[in-house]
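For the sequence shown, the positions run 1 to 179 when our numbering is used.
Just so you know, the hints here were simulated from the structure itself, not pulled from any lab data.
One or more hints might be untrue.
Straight-line Cα separation of at most 20 Å, SDA-like style, residue types lysine to any residue; simulated pairs [claimed, not checked]:
id, residue 1, residue 2
1, Lys115, Val141
2, Lys132, Lys115
3, Lys115, Gly164
4, Lys115, Ser142
5, Lys104, Gly138
6, Lys132, Gly103
Label-pair distances were calculated between CB atoms; the ranges are [to be verified]:
id, residue 1, residue 2, range
7, Gly55, Lys144, 28 to 34 Å
8, Ala85, Ser142, 21 to 27 Å
9, Asp71, Asn162, 14 to 20 Å
10, Ala85, Thr56, 30 to 36 Å
11, Gly103, Ala147, 31 to 37 Å
12, Ala177, Phe117, 28 to 34 Å
13, Val119, Pro174, 19 to 25 Å
14, Gly126, Gly148, 31 to 37 Å
15, Thr60, Ser157, 28 to 34 Å
16, Gly103, Thr56, 25 to 31 Å
All values derive from a computational prediction rather than experimental measurement.
Where a beta carbon is used, it is the ideal one built from N, C-alpha and C, also for glycine.
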Amino acid sequence: METRARSRRTLSSLAIGVLAAGLVLAGGAATAGQSGKAAAGAPAAGTVTGTLTVGTTPVTLTHAYVALDGDNYIVELTDQALPAASLAAELKFGGGQGLLRSGKAQGLMLYVDGKGFVVTAIPFAGDYRGNKMLSSVGSLVSFKVAAGQASGTGKLSLEDTNQGWSYQAQFTAPVRAVK
């Protein structure tokens, strides 16, 4: 009988431990959700998960910046964080992308209309510093702007670009005004 009672206490203690661990994990999940981090599978605000490949050299894209220029969006996906003081000049269409053009950063600039159609795509990596631009390349797989945040998914294969570069990326970033 004492063995049965000890087994019940052990099982009871085990059940309480499992329940407590579940509550701790649930509390941690709630805290992570409340901290502003993105849901699993989606990048956090201002980030991108993806790769730009020029020739056989991949560039891991880690940061996303989006600016509204009239009715269109400038989406800049880079391999590093850009200095806040440089963003206004960097995110200008026609004459911007100074850090990308100089080689201080690598990445991709997309000029996208409000429906997600990519008007212009320009790689900035290796020897491709704005000289392999594509126009009217089609729509992003997805594109959405809501509550001051832009998010999207896009890709172009080597066959799509026919210029020796490709990309695939999923991004989300606050939308900034271009002055």
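Outcome of range test on Cβ distance (Asp71, Asn162; 14 to 20 Å): 29 Å, violated
Consistency of beta-carbon spacing, Thr56 to Gly103, with hint 25 to 31 Å: Distance hint for Gly103, Thr56 is violated at roughly 19 Å.
Pairwise beta carbon distance, Gly126 to Gly148, judged against the given window 31 to 37 Å: 34 Å, holds
How does the Cβ-Cβ distance of Val119 and Pro174 compare with 19 to 25 Å: does it lie in that range? For Val119 and Pro174 the Cβ distance comes to about 21 Å; the hint holds.
Can you let me know if the beta-carbon spacing of Ala177 and Phe117 is within 28 to 34 Å? 21 Å, violated
Evaluate the given range 21 to 27 Å for the C-beta pair formed by Ala85 and Ser142. Violated, since Ala85 and Ser142 (Cβ atoms, about 32 Å apart) do not stay within the stated range.
Given the hint that Lys115 pairs with Val141, test it: the Cα-Cα distance must not exceed 20 Å. 11 Å, holds
Straight-line alpha-carbon gap Lys115 to Gly164, limit 20 Å: Violated, at about 27 Å.
Cβ separation of Ala85 and Thr56, checked against the hinted range 30 to 36 Å: 35 Å, holds
With a cut-off of 20 Å on the C-alpha distance, tell me whether Lys104 and Gly138 pass. This hinted pair is violated, its Cα atoms lying about 29 Å apart.
Given the hinted pair Lys115 and Ser142, is their alpha-carbon gap at most 20 Å? 9 Å, holds
Check the following: the C-beta atoms of Gly55 and Lys144 are separated by a distance inside 28 to 34 Å. 32 Å, holds
Figure legend: structure checked against the earlier numbered hints; hints not met, in rising order: 2, 3, 5, 8, 9, 12, 15 and 16.
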